[in-house]
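The listed protein sequences derive, respectively, from chains C and L.
Everything in the first sequence is counted per my numbering, starting at 1 for the first residue and increasing by one.
Everything in the second sequence is counted per my numbering, starting at 1 for the first residue and increasing by one.
It is possible that part of the hints are untrue.
Among the chain L residues that face chain C by a calculated CB cut under 8 Å, a handful are [said to hold, decoys possible]:
#1 Phe97
#2 His207
#3 Ala210
#4 Asn236
#5 Pro237
#6 Gly248
#7 Arg249
Below, a list of computed lysine-lysine pairs in the DSSO-like style, where the Cα atoms sit at most 27 Å apart [as the list claims (entries may be wrong)]:
#8 C/Lys105 / C/Lys53
#9 L/Lys26 / L/Lys86
#10 L/Lys232 / C/Lys78
#11 C/Lys88 / L/Lys185
#12 L/Lys9 / L/Lys30
#13 C/Lys28 / C/Lys16
#14 L/Lys185 / L/Lys138
#15 C/Lys150 / C/Lys78
#16 L/Lys30 / L/Lys232
#17 C/Lys6 / L/Lys232
#18 L/Lys232 / C/Lys16
#19 L/Lys138 / L/Lys194
FYI, nobody ran anything at the bench for these hints, they're computed from the structure.
The C-beta atom is built at its ideal place from N, Cα and C for all residues, glycine as well.
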Amino acid sequence: MMTTRKEFDLGLDELKALIVEMGQRVEKAVGESMSALLNVDVAEARRLIAEDKELNALEEQISELGATLIARQQPVAKDLRRILVAFKIASDLERMGDLSVDIAKAVIRLEGQTLIKPLIDLPRMAEIVKTMTYESIQSFVLEDVELAHKMAKDDDLVDALYSQIIRELFAIMMENPTTISQANLLSFVGRYIERFADHATNIGESVVYLVTGTRPDLNS
Amino acid sequence: MQTLIEINKLNLFYTAFHALKNVSLKIPEKAITAFIGPSGCGKSTLLRTLNRMNDMIPGTRIEGTIAIGGTDIYSNEVDVETLRKKVGMVFQQPNPFPKSIYDNIAYGPRLHGIRNRQQLDEIVENSLRASVLWDEVKDHLKRSAFSLSGGQQQRLCIARALAVNPDILLMDEATSALDPISTLKIEELAQELKDRYTIVMVTHNMHQAARVSNQTVFFLNGEVVEYADTEKLFSNPSDQRTEDYISGRFG
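Put together the whole structure using the sequences plus the hints.
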């Protein structure tokens, strides 16, 4: 068998490279927004918000390249799925970027405040979703269904930590109502990271669809 | 869906060359079935066995059976002329007769003994309507068929095939000599005709198979590699060789 579609394969490689770049940026952004929160570093939060524009530009680039490849190369079967999946993953990554921006916005609202408690579980959640992001992109690059499944299992850890954080913040709020505003903000941050993990799981689902042609539900 | 054509363990040899190997297929009625595959894979050969066009090629030998509506078309009782009336064919190059548009369509019915002018007029009009050519030619039925464009000529040939009231229409690369607009018109026409006729088409244009057919058969080296609903075959084929071929990563 001979490969006869050099031009098309080059386009697919480029698409893959763009996804990898988005993935790396998203992974970095969630870690940095968590550091900004821990240090209540408003300047860093502002920088992160500005940086999100580059991520959006990458998603647009993926849309355009994918559309061009469909129009000019008329892919079918797995080749077509490669492009459809790239669209979907890029959109999940773009949302993940937005969630990091939401964390950064929470940091700005905390300006001048001292944290009501030392943050332990939120950074833990952030670490897990960083790994999930890395593994989801890795599973896409390697078309590795097993890795996609393994990655999606970590979503349960994230959900468990999120419930724990909510319970803890409730207790603090009941004890001292002056903490409500910040506790609320912190529980939102937990919610953002929990959503972030769901998008990583979506990427895993896209990978399974790419490889097998069937749509699994890795969230259940 | 009801099976109309049943091919069972068909082997075909052109003298020493084994062109079709153990082909078994059930082709449903009133649907479009497409044969795809690289040159020399046997798809046109198989199409031509369906109205015994290969009989004319010396050295052709056939094993196995092809039944249409339950009748083995290679049995001694079958009259080939009657078979070809039931199984019409359209070729790659439009091949109208050097006659008027009207006489092209009336040719077959006349051959089968219809002389009544009114009846012939009706057949000509109905056939040209069925092939969506009527509105373009109704005022020039006496003009030579060669005055038509390539796409119109091909629709004339389809009308000519329909005039003898077939059950099956075979299309052998019927659009490969046509421009894109004429191609789309023939594809649309095929879609309309499948409610009344069983259509089997051979095409080199995979996207055409994807656009118009209900089932697709992928052939390679005289064998059926995969036979599936077109949607399945073009979205998630079972065989890697099919995937390679439809993705253009083959040969």
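Violations among the numbered hints, reported as their numbers in ascending order: 1 and 11
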